[in-house]
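Novice: Protein chains in written order, with this note's numbering: chain A, 1 to 139; chain B, 1 to 177.
Honestly, the hints are just simulated from the structure, not real lab data.
All values reported here derive from a predicted model rather than from experimental measurement.
It is possible that some hints are incorrect.
DEER-style ranges, computed between Cβ atoms [claimed, not checked]: (1) B:Ala119 x A:Pro77: 50 to 60 Å; (2) A:Thr60 x B:Ser77: 21 to 31 Å; (3) A:Ser59 x B:Ser177: 39 to 49 Å; (4) B:Val174 x A:Gly76: 37 to 47 Å; (5) B:Pro84 x A:Pro77: 12 to 22 Å; (6) B:Val129 x A:Thr60: 22 to 32 Å; (7) B:Arg95 x A:Ala82: 35 to 45 Å; (8) A:Gln83 x B:Arg140: 50 to 60 Å; (9) B:Val122 x A:Thr60: 24 to 34 Å; (10) B:Arg95 x A:Arg32: 33 to 43 Å.
The beta carbon of each residue, even a glycine, is placed where N, CA and C say it ideally should be.
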Amino acid sequence: MTPVQALQKALAAEHAAVHLYGLLGAQSSKSRQPVLFAKLEQTYDAHRAARDRLTVLVSTKGRDPVAAKVDYVVPGPTSTPAQIEAVARRIERRVTRTYGELVANTSGSDRRWAISALDSAAAREVAFGVPLSHFPGIG
Amino acid sequence: MADFPSSGSAIARGDATSRRSLIAGTVGVAALVVSGCSVENPTTADKAPRSVAELAPDVAVATRALAEIRAVRAAVSRTVSRHPLSRPDLAPLVRMHSAHEKTLVEAVPERARTEANPAPYVVPRKRAVALRKLEGREQRLHDQLAGLALRAESGDFARLLASMGAGITQRLVVWPS
């Protein structure tokens, strides 16, 4: 995988995450689940920021950033707060793995950013209840 | 509707990527260093280990990471010895450091290994202070691993080191108070 391909893959993942967290936020209640709602809102903002950064990184390499899809399959039911958190855990694990790949396929300032993004994703995993891992982003 | 980009075949390949395969390249580097040394100058094969700086770049990075992890593991052990009540809280941390150390030992040729010889780690008398100090030491290890991941020439090895750092980040998120 070339560095640009890895960046495009991470961007595609962030497009999906932004879309899905928008849906998860809409499925939760700010008044009835304030903690969950705040967590979803904060995570949505983090993924939007990552998406924007990746868009810039791809553009600066003279490539067209991959566009978001119109819609994404939600990886699980979202009827209850527990189900919403379970979906968030799945999203974060996938994003964390994607950033692991990005670290492997980049160098210099792009890798520096990827390492930081991997850290942030690993921390978000914990916030949504993913069990601690010895090696987040691998396997 | 589109599937999550990483949930398809690409992520399936990621699932199959074991730590062992990730470090395989580095082990290869280590093997090359050792065998290359013998081939190029067989008369020096039994002499004292060469300095880390002379070894292949990623072996040097791995050796440094191993030394740093061992130093922090020693700091954790001293903290547990001084404050036994912290043992349950710190046990997962010990397990993680051991897992990281075990992985790196596989990647570092024996002749390049350095024993942990850090500056003496002084454990504060008060437990809360001791835990805060250890938290800072873990953060420093995280930063060191991130820096080493940046230096690594092998992308897979960089991923491994960055992953170790991310593991520390997760422990810091749930750090005992």
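Novice: B:Val129 and A:Thr60, beta-carbon distance inside 22 to 32 Å?
Specialist: 46 Å, violated
Novice: Okay, A:Ser59 versus B:Ser177 on CB: inside 39 to 49 Å?
Specialist: 44 Å, holds
Novice: Is 50 to 60 Å right for how far apart the beta carbons of B:Ala119 and A:Pro77 are?
Specialist: For A:Pro77 against B:Ala119, whose Cβ atoms are near 54 Å apart, the range 50 to 60 Å holds.
Novice: Between the beta carbons of A:Thr60 and B:Ser77, is the distance compatible with 21 to 31 Å?
Specialist: Violated, at about 46 Å.
Novice: If you check the beta carbons of B:Arg95 and A:Arg32, does the distance land in 33 to 43 Å?
Specialist: Check passed, 38 Å falls within 33 to 43 Å.
Novice: 35 to 45 Å was suggested as the range; check whether the CB atoms of B:Arg95 and A:Ala82 agree with it.
Specialist: The hinted range 35 to 45 Å is violated for B:Arg95 and A:Ala82, with Cβ atoms some 28 Å apart.
Novice: Is the hinted range of 12 to 22 Å satisfied by the C-beta distance from B:Pro84 to A:Pro77?
Specialist: Violated, since B:Pro84 and A:Pro77 (Cβ atoms, about 45 Å apart) do not stay within the stated range.
Novice: For B:Val174 and A:Gly76, compare the CB-CB distance with the range 37 to 47 Å and indicate the outcome.
Specialist: 24 Å, violated
Novice: Between A:Gln83 and B:Arg140, is the Cβ distance one that fits in 50 to 60 Å?
Specialist: Taking Cβ atoms as reference, A:Gln83 and B:Arg140 lie about 39 Å apart, which means the hint is violated.
Novice: 24 to 34 Å was suggested as the range; check whether the CB atoms of B:Val122 and A:Thr60 agree with it.
Specialist: 47 Å, violated
When each numbered hint is compared with the structure, violations occur for hints 2, 4, 5, 6, 7, 8, 9.
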